[in-house]
Amino acid sequence: MLQVNDLCKSYHDTKVLDDIRFSIDDGDFFGILGPNGSGKSTLLKLISGVEKADSGQLLLDGTPVENYSRKQLSRTMAVLQQESLPPVDFTVQEVVEMGRFPYQNWLGEEKGNQGHIVDSILHKLNLDPLRDRSLQQLSGGERQRVALGKVMAQQPQWLLLDEPTTYLDIGYQIQMMDLIKAWQKEEKLTVVAVLHDLNLASIYCNRMLLMQGGNGIRVGAPKDILQSELIQQVYGTEPIIVEHPVHRLPQIMLQQGGSFIE
Amino acid sequence: MSLLLLSIVLSLSMGAAHLPLAEAWGILMHQLPVIGNWIQADWPVSSEQIILKVRLPRVLLAILIGACLSFAGAGFQGVLRNPLADPYTLGVASGSAVGAAFIILFGFQTFLLGMWTIPIAAFGTGIVSLLVVLRLARIHGKFQLETLILSGVVVQAFLGSMVSFMVSLSDEVVNEIVFWLMGSLSIRGWPFTIMLIPYLVVGLAVLLTYGRTLNLIALGERQAEHLGVNVARTRLIVLIVSTLITAAAVSVAGTIGFVGLVVPHLVRLMVGPDYRLLLPITAIFGGIYLLWADTLARMLLSPTEIPLGVVTAFLGAPFFAFLLRKNKRMKGA
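Protein sequences, first through last, are from chains S and D.
Under my numbering, the first residue of the first sequence is numbered 1, with each subsequent residue one higher.
Under my numbering, the first residue of the second sequence is numbered 1, with each subsequent residue one higher.
The shape of chain S in the complex, shown without the other chains:
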């Protein structure tokens, strides 16, 4: 369980996060939504321990995140970033193996024979045929799948997603989200995802936080968040909300001339 209490963060004199307060239960698929500059990414940086809050608390299973050592934290929590991996000359298998780093000693050895972990991940993500290929030879979508494999090799209990589908087309977007969802079910993972796409968020997240200008506006299920007035207030455009015919979840439709931004 992650508890966020009165979190504040400023860069120079600009307040980026102002008294953020919410909690995430084990097993949640939790979405963080909001317009550009609302503080989503900063919040994720604080949760992942890359940056420190000015005040307030981040309790991961009752212990402040900053009390975890870097190695401990990387065994508990993994982060899948927006930019996929750079086109380096390492092979797919080598990169996935790098995910084992938190479990290795300084010689690169690991207790017990863990070779099967990487093998089963490559298999699960259908990366078998690519395993000896260099990352330079892969497409953006394939590289992002390798990044997911590396994160899986970390065997975390928590997975943080920083807009992981931004640069993917819709086919790869759904593939990526489905792979994550399947992994979540299998390993009882808790997922915290910063997402740009409200419709995608609605069909994958069970709870979400809507942010605006560094403030937490509302926490709730998709049907509590994707409401016409609320979206209009936060994003400055009036959407039409419809029900997804299959998932029975809210989806938004945009309309021309609907901007309220001055």
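Derived by calculation from the structure, the hints in this document are not laboratory data.
Be aware that one or more of the hints could be misleading.
So, partial list: chain S residues that the calculated Cβ filter (under 8 Å) puts toward chain D [what the hints assert, rightly or not]:
id, residue
1, Val50
2, Tyr68
3, Lys71
4, Ser74
5, Met98
6, Val242
Only some residues are given here: those of chain S computed to face chain D with a beta carbon under 10 Å [as the list claims (entries may be wrong)]:
id, residue
7, Ser48
8, Gly62
9, Val65
10, Ala78
11, Phe90
12, Gln93
13, Leu160
Where is the CB? At the ideal position from N, CA and C, for every residue including glycine.
Chain S is fixed; fit chain D onto it per the hints.
Chain D only, in chain S's frame:
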């Protein structure tokens, strides 16, 4: 390794006075315990003198300097994630030259720290110039590929003029300027060669333990951080060690450009990007590379000698241009 050995023997036999290959081989083997006794010493004493007193120290020095510079280059490239980084392009070599030249030209050699004075002074000025270059190149906490090299060039031009100025102040001849700006292995003897060894050994030992970490950093600093790497500490240590090795090499041989740029890339083509392999093999190949460059410098206009930096720049600068183009293309794609 055998390539290294072959290069040594070939290079030993080449020079103003040409000695047969077999002779060079024999003289070298004769020095070894046990095996040496089996070999008939049927060569003139002058040959042995030339090989052991003149050429061998120089050959070993070339190998050590080459290893140092290439190794430092690989370290800089890895930790800055910049394929164009090397002790020369980053201005670290010129920075070290300022410190070393100052001590040597104004005769503080044994002041305070004895024989360690020169490399330590070189390290001090080297690290300061590295910090200045990094500071200049840093925009919003990020190093842009070209900005870093541009800052290196600016700092290097400034420091080069400082070295030239200092040489002009002292009574030394123009030769010394050429030495510091172009590098040479001709006027340093055995003590300098020996002095390099501890730096190289310690540097190798430290950086080799960071091989795996450098692999992770190649994926991106945040990626590495999320895998539990202390990126800031790694960067600090690798930069310090690489600068120290550079400083040691520069205090002995002046600024020899582009070695640390060319060699790691060639090795990468052979063994791939894994720093655990790349670092040690780079050191060996750096030795071979500089040995041949120096042999070329001795032989081309023999008996006149070309400054070593001329040879390495002649080979290295086109290579630099090639890398720059290649990188541009990768970014454009």
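Verification of the hints:
1. Val50: Given a least distance of 6 Å, the restraint on Val50(S) holds.
2. Tyr68: violated (10 Å)
3. Lys71: holds (4 Å)
4. Ser74: Ser74(S) check passes; min Cβ-Cβ to chain D is 3 Å, inside 8 Å.
5. Met98: Met98(S) check passes; min Cβ-Cβ to chain D is 6 Å, inside 8 Å.
6. Val242: violated (38 Å)
7. Ser48: Holds: closest Cβ of chain D sits about 7 Å from Ser48(S), inside 10 Å.
8. Gly62: Violated. Min distance 21 Å.
9. Val65: Nearest chain D Cβ about 13 Å off; hint violated.
10. Ala78: Holds. Min distance 7 Å.
11. Phe90: holds (6 Å)
12. Gln93: violated (12 Å)
13. Leu160: This interface hint holds because 9 Å falls under the 10 Å limit.
Of the numbered hints given earlier, the model fails hints 2, 6, 8, 9, 12; all others are met.
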